[in-house]
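Residue numbers (the numbering used here), protein chains in the order written: chain A, 1 to 205; chain B, 1001 to 1216; chain C, 2001 to 2375.
Do not take every clue at face value.
Said to hold, decoys possible - Below, computed lysine-lysine pairings styled on BS3-like, alpha-carbon distance capped at 27 Å:
| hint | chain 1 | residue 1 | chain 2 | residue 2 |
| --- | --- | --- | --- | --- |
| 1 | C | 2201 | C | 2063 |
| 2 | C | 2101 | A | 192 |
| 3 | C | 2063 | A | 191 |
| 4 | C | 2072 | A | 33 |
| 5 | A | 192 | C | 2135 |
| 6 | A | 191 | B | 1128 |
Claimed, not checked - Calculated Cβ distances over 10 Å to all of chain A for the following chain B residues:
| hint | residue |
| --- | --- |
| 7 | 1007 |
| 8 | 1016 |
| 9 | 1024 |
| 10 | 1065 |
| 11 | 1080 |
| 12 | 1147 |
| 13 | 1155 |
| 14 | 1176 |
| 15 | 1177 |
Please keep in mind that the hints were generated in silico from the structure rather than gathered at the bench. Even for Gly, the Cβ is constructed at its ideal location relative to N, Cα and C.
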Amino acid sequence: MSLATALFTHLEMSFLGVLMGCIVGILLATLLKDKAGASKIVFTVIDIIQTIPTLAMLIFLMLVFGLNNTTVIIAIFLYSLFPITRNTYVGLANVPEGVLRAGRGLGMTNLQLYLRVELPIALPVILSGLRLAIISALGIATTGVFIGAGGLGMLIWRGIQTRNMAMLLSGAVPVSAMAILFEILFTYIEKKLTNRTSQKRKGEL
Amino acid sequence: MSDLIAYYTAHSDMVFTAIQEHILISLTAVCFGFLVASPAGIALTKHPRTAAIVLGFFSAVNTIPSIVLLGVAMMILGIGFWPSTAVLFLYSLLPIMRNTYTGITGVDEKYIKAARGMGMSRVQILTKVQIPLALPVIIAGIRLSAIYIISWATLSAFIGAGGLGDLIWMGLQSYNFNLVLCGAIPATLLALAASGLLTFAENMASRTLHRGGDAA
Amino acid sequence: MIRFENVSMAYGTNEIIHNLNLKIEEGQLAVLIGPSGCGKTTTLQLINRLLNPTEGNIFLNGKELRGMDPVKLRRGIGYVIQEIGLFPHMTIEQNIEIVPKLLKWPAEKRQARTLELLKLVGLDPDTYLNRYPVKLSGGQQQRIGLLRALAVEPPVILMDEPFGALDPITRETMQDEIKRLQKKLKKTVVFVTHDMDEAIKIADVIILMKDGRIVQQASPEQLLSSPADEFVEQFIGKHRLYNGKPDKVMDIMNKRAFAVPKSMGIAQSIALMEQHGVSGILVTDESETLLGYLGIEEIRDEAKIGLTVGDLRFRQLPMVHPETSAQEAFDILIGRKLDILAVVDDDGHIHGVVSKTSMVKALARAVWNREDAHV
């Protein structure tokens, strides 16, 4: 198992899982907009999913999907629902009422309002959720080794089993580096987007 | 299903021991975490710039997948209860510290002004105003910590710490899926229970704040 | 141009608008005004179909609104709201261009139009085009809001308390500006406000509403000189023209005269005078009957520590009754070379004072319609 293969598999699983999470999560949040009752139910379910220990989740999914990469992808998908759906929901809810009224009054259709006004305004918050989803995805993919998936987890685990620090690090460093990289990149983008629309307040971190 | 139940009944002792071990590891880690992270979080509220650095550092630490740190700990500190608890303790710090920090800094200025005006000392303001008002957020941080720890404690079995992860591991090795589930299901229930309990505590704390009507 | 025929609008059992009949001519600046809940904003929103009537018909240039596609309709009507509602994630340029973009105007046409619009309100394109709304002041934002509404040259513009969120100075500037632009561009404007000053200043026709009905629709001049009923009179309040001349003393007196009880200490009275910016005070007894007047000179000359106001010698003020004709009061002031008259009723209670200055101001308002001459 070469580093390159492991890296690729790792990224592939994370990417696919988060992508599915985005599609479902953003759609779900959009459908739940302004529906307090349904939201409560859906978010309770997502909350429960989120609380299930990672390894246990992988086990449960494995019983259905087998000892392979697919299980990991689905686990990543499920765990990315919480940050993405919740953040999208909050982001959409925080679009100022006046802006919506102006848009409607000027003659925008609901779809145009959604795509050109609501989503863009909610974007920083959505990206923040996406950031959390990606970082947790990288971690889950690492744990996937225990149910037979590929990825950098394999290198790390082999390193542990053979007490080979070098091998452990050859898996650990890329994963950590990627996580930190995404964290910095996304935080930067979020900041840039938020700066466009808000005054700097004193003492904000 | 009935297969599983039969298996469980046959091995309930083993499962209970594992549950106890698991709770012990998790509780120890979270408690130590709380004892360190809470005062740290409070201290950081006086130094925002240091806070940015410290919180940033621990955020970075928390992005490192748990088996990495567990593996490193094992190779350096050996196997068993304490190495894994040490790693879990490290992971538990961030949620508690960050929530304590944002909780306390997030307390509305007007309450602090009022307290100062009434002649409360800094310590009194902290203990009688800031901490009580920040309590729901702090508890939320403890809850996050607990959930992460219970989850990662399942992995600590791989470095010989025992707990429910042990059952999962043994089960995976011997393709005994009943054994696996005897580890996975209790772990899940444990996490849900801890989450539920702490959410309840959080809501209670919130409710007492607003009990006298919302004069805020 | 805009016509309402027997329009009613209800939310469930709550009728907001009752049987409204309304006509607004092309090129007019019509102001819908009234107390909270009178239905003025609802009426406005019926025009661009943000709301729909439960009964009746609304016509725009002879065409029934009911049959039109609401979205297309709104793109042909300008809309400016109190919250301004500039899209925070778009630059000023993108904000102004939004409707042209929706209508698929070519890029050059859009850009040319944006530059034209900025010139109209005197904003420098280089400074503003690429800025984000958050960097602009309230007044500037609302100007852009207006430009955004004007972008596709709609013949009708709806404005819902557009200057309500602005500070008084900016508000005045914007009122002048909207009047100027409306005349220049020959637009029909329907403007909602609760501020009578604003209405009188800018309207061609004022439509005063109450409880979902029109109480009076008239030009400002007509409204002020011939109010239809007591409600209108009250609503107009101090703007009322008394057929060109003030009738009675009570219409022109200065109610801001300052009265203190005779038991008040000297030092305190001086402090209060300073605070309120008056050069003399009226002294009353416990039952609020007027005893006299103390000017700053009297106080300065005779004041000693520990004295009360009542210990000093005050001037006896000549008094007139509130119902005295203003003309008579004027004659008294001039004839007896007085500075000030007290307005006192039959029970000796003080209602206000008339000074030469207040008299002159009142007359100026009535004769020349000078808004800055507030009594």
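Evaluated hints:
{"no.": "1", "hint": "2201(C) <-> 2063(C)", "verdict": "violated (31 Å)"}
{"no.": "2", "hint": "2101(C) <-> 192(A)", "verdict": "holds (26 Å)"}
{"no.": "3", "hint": "2063(C) <-> 191(A)", "verdict": "violated (49 Å)"}
{"no.": "4", "hint": "2072(C) <-> 33(A)", "verdict": "holds (26 Å)"}
{"no.": "5", "hint": "192(A) <-> 2135(C)", "verdict": "holds (15 Å)"}
{"no.": "6", "hint": "191(A) <-> 1128(B)", "verdict": "violated (35 Å)"}
{"no.": "7", "hint": "1007", "verdict": "holds (14 Å)"}
{"no.": "8", "hint": "1016", "verdict": "holds (18 Å)"}
{"no.": "9", "hint": "1024", "verdict": "holds (16 Å)"}
{"no.": "10", "hint": "1065", "verdict": "violated (4 Å)"}
{"no.": "11", "hint": "1080", "verdict": "holds (15 Å)"}
{"no.": "12", "hint": "1147", "verdict": "violated (5 Å)"}
{"no.": "13", "hint": "1155", "verdict": "violated (6 Å)"}
{"no.": "14", "hint": "1176", "verdict": "holds (12 Å)"}
{"no.": "15", "hint": "1177", "verdict": "violated (7 Å)"}
The structure fails to meet hints 1, 3, 6, 10, 12, 13, 15 from the earlier list, while all remaining hints are met.
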